[in-house]
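Heads up: the protein sequence lines correspond to chains H and P, in order. Residue numbers for the first sequence follow the numbering used here, so the first one is 2 and each next one is one higher. Residue numbers for the second sequence follow the numbering used here, so the first one is 2 and each next one is one higher.
It is worth saying that the hints were derived from the structure and are not from the lab. What you are looking at is a predicted structure, and each value in this text was computed from that prediction instead of being measured. Positions of the beta carbon are idealized from the N, C-alpha and C atoms, including for glycine. Please note that a few of the clues may not be correct.
[To be verified] Some but not every residue of chain P turned toward chain H, in silico, with C-beta under 7 Å: (1) A51; (2) V97; (3) P127; (4) H176; (5) Y178; (6) I180; (7) V194.
[To be verified] Which bits of chain H does chain P cover? Going by a derived footprint, with three or more residues having C-beta under 8 Å, they are: (8) 42-50; (9) 63-77; (10) 111-118; (11) 150-160; (12) 222-236.
Protein chains: 2
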Amino acid sequence: MISNVVLIGSGKLATQLGLCLAKTGYNIRQVYSRTIENAQELAERLNAYATDSFNEIQEDADIYIIAVADSVLHTTIESLPKVKGIVVHTAGAMSVDLLIRFDQYGIFYPFQTFSKERDVDFKNIPVLIEACNEDVDLKLKSFASKISKTVKTCDSNQRQQIHLAAVFACNFTNHMYAIAEDILQENDVSFDVIKPIIMETAHKTDYLSPVKAQTGPAVRGDKNVIKKHLEMLDNDDELSVLYSKITSRIAKLQSGKIKIQD
Amino acid sequence: MISNVVLIGSGKLATQLGLCLAKTGYNIRQVYSRTIENAQELAERLNAYATDSFNEIQEDADIYIIAVADSVLHTTIESLPKVKGIVVHTAGAMSVDLLIRFDQYGIFYPFQTFSKERDVDFKNIPVLIEACNEDVDLKLKSFASKISKTVKTCDSNQRQQIHLAAVFACNFTNHMYAIAEDILQENDVSFDVIKPIIMETAHKTDYLSPVKAQTGPAVRGDKNVIKKHLEMLDNDDELSVLYSKITSRIAKLQSGKIKIQD
Chain H
2 MISNVVLIGS GKLATQLGLC LAKTGYNIRQ VYSRTIENAQ ELAERLNAYA
52 TDSFNEIQED ADIYIIAVAD SVLHTTIESL PKVKGIVVHT AGAMSVDLLI
102 RFDQYGIFYP FQTFSKERDV DFKNIPVLIE ACNEDVDLKL KSFASKISKT
152 VKTCDSNQRQ QIHLAAVFAC NFTNHMYAIA EDILQENDVS FDVIKPIIME
202 TAHKTDYLSP VKAQTGPAVR GDKNVIKKHL EMLDNDDELS VLYSKITSRI
252 AKLQSGKIKI QD
Chain P
2 MISNVVLIGS GKLATQLGLC LAKTGYNIRQ VYSRTIENAQ ELAERLNAYA
52 TDSFNEIQED ADIYIIAVAD SVLHTTIESL PKVKGIVVHT AGAMSVDLLI
102 RFDQYGIFYP FQTFSKERDV DFKNIPVLIE ACNEDVDLKL KSFASKISKT
152 VKTCDSNQRQ QIHLAAVFAC NFTNHMYAIA EDILQENDVS FDVIKPIIME
202 TAHKTDYLSP VKAQTGPAVR GDKNVIKKHL EMLDNDDELS VLYSKITSRI
252 AKLQSGKIKI QD
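Please build the complete structure, drawing on both the sequences and the hints.
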């Protein structure tokens, strides 16, 4: 049974996860951050100790949750004392093997995009689990089930593929929003006007496969509109290439009604 | 005052708009479709007459709403009898000038993505108006305000830019979902697992500019993850080029932390 938690990290995920675990009744013992002020700020909210030194990390907690940027994950893992409890990282793109120096280890990957500005409801966030053995798998599943209603075991390859899928469905989608915002701003139109269509497009995934839900000039094979859009993007080579490539992929996917030159 | 409506078209938009107008109390006189069965099906739901002949179109309605595919808009407009009432089209990408042969004309563009499978609440759909003169502008605004709480006048250029923005924020976003679905399917993972992150990404636009909301390896400058993703996409040239181009644009937009080769 997991009851005592040490959090390694104080960023968006560590903050949201820490708050949720504390609320669920877990005892957050300690928060580590490279920057003591950040550790202190979060530790205070969690009624925990703060530290910026790996030497000071308490060695008798049940679980150590590493929630740091992928770029410092390796060095963070190397610097951790060889604790007895379960050590997990939360990085979707990273292998579980990074943690092989510990006796008990695994992955605890809450599959969501986090902001400091917005509280999320962990109940609706799928948690993807991977473990070094069956015992740890059971413990992690039981732990994750306390905060989320969707807990899945998957191996490192599957999780990395899921992470890649999310780069398209979340990160790249958000960039599409950013492009739209830019076009609207340049034409003195409020971004508000496009919010309903953004929400509806997302909602559609709930009952319709994206391939079937596809709308727009590319799927209609509407060459005139596509040509006009490319003319409108004429002053931005990069963006017009992007427009052509995505249009071409949509058209191909929907049984190749048209072929765009790119 | 507009009270009698003739609908030209029986597709997704004509259906949703017709149902909403009928519910709001407008008298839908007639539904035209090239295919009489489609005209009849919708006309029945709206307690209207059906026709597949332009010659039979009633000439004394207050408004004629053309909701057909962009590709047949020109020929539809040419085939319409020269009616006295206001003639509007609903095509975001098309100019108002197409309707110049009528005495009273304009644009009535409900800015949303429509499906036959899903009823939408017109109250939350911005309606973009353009009119041939002030009198028609007032009439169209009053008409649109009965069904939507957001009615805006904008010129053809602005509307076409808004439509272009929507291709990115809606059509291309949906294609990002389709790519994600494909990656998940190939790895035996249910699309359900990614739905919460899709919804959250859309919701974020409500309180955060997309540029500020951007997350993921591109904005973190996480070269290792990007490199790994490109390796995973190695068997799909088209997709890896797309990945590189979008990643590169995100990185540049966020103050150029990295430069991806493409």
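Do the hints match the structure? See the list:
Taking 7 Å as the C-beta contact cut-off toward chain H, the hint placing A51(P) at the interface is violated, the least distance being around 24 Å. Checking V97(P) against chain H: minimum C-beta separation of about 15 Å lies over 7 Å; hint violated. Interface hint at P127(P): satisfied, since its Cβ lies 5 Å from the closest Cβ of chain H, which is below the 7 Å cut-off. For H176(P), the suggested interface contact is upheld, since its CB lies about 5 Å from the closest CB of chain H, less than 7 Å.
At a threshold of 7 Å, the smallest CB-CB gap from Y178(P) to chain H is about 4 Å, leaving the interface hint in force. The criterion of a C-beta within 7 Å of any C-beta in chain H is met by I180(P), whose closest approach is roughly 5 Å, and the hint holds. Hint status for V194(P): holds, given a least beta-carbon distance of 5 Å to chain H, under 7 Å. As drawn, the region 42-50 of chain H meets chain P at 0 residues by the rule of a beta-carbon pair under 8 Å; below three, the given contact is violated.
Note: the region 63-77 of chain H has 3 residues with beta-carbon separation from chain P under 8 Å; the three-residue rule is met and the coverage holds. Requiring three or more residues with a Cβ within less than 8 Å of a Cβ of chain P, the coverage given for the region 111-118 of chain H holds, as 6 such residues are present. Restraint check on the region 150-160 of chain H versus chain P: 5 residues with Cβ-Cβ distances below 8 Å, three needed, restraint holds. Residues of the region 222-236 of chain H lying with their CB closer than 8 Å to a CB of chain P number 8, which satisfies the three-residue condition for coverage.
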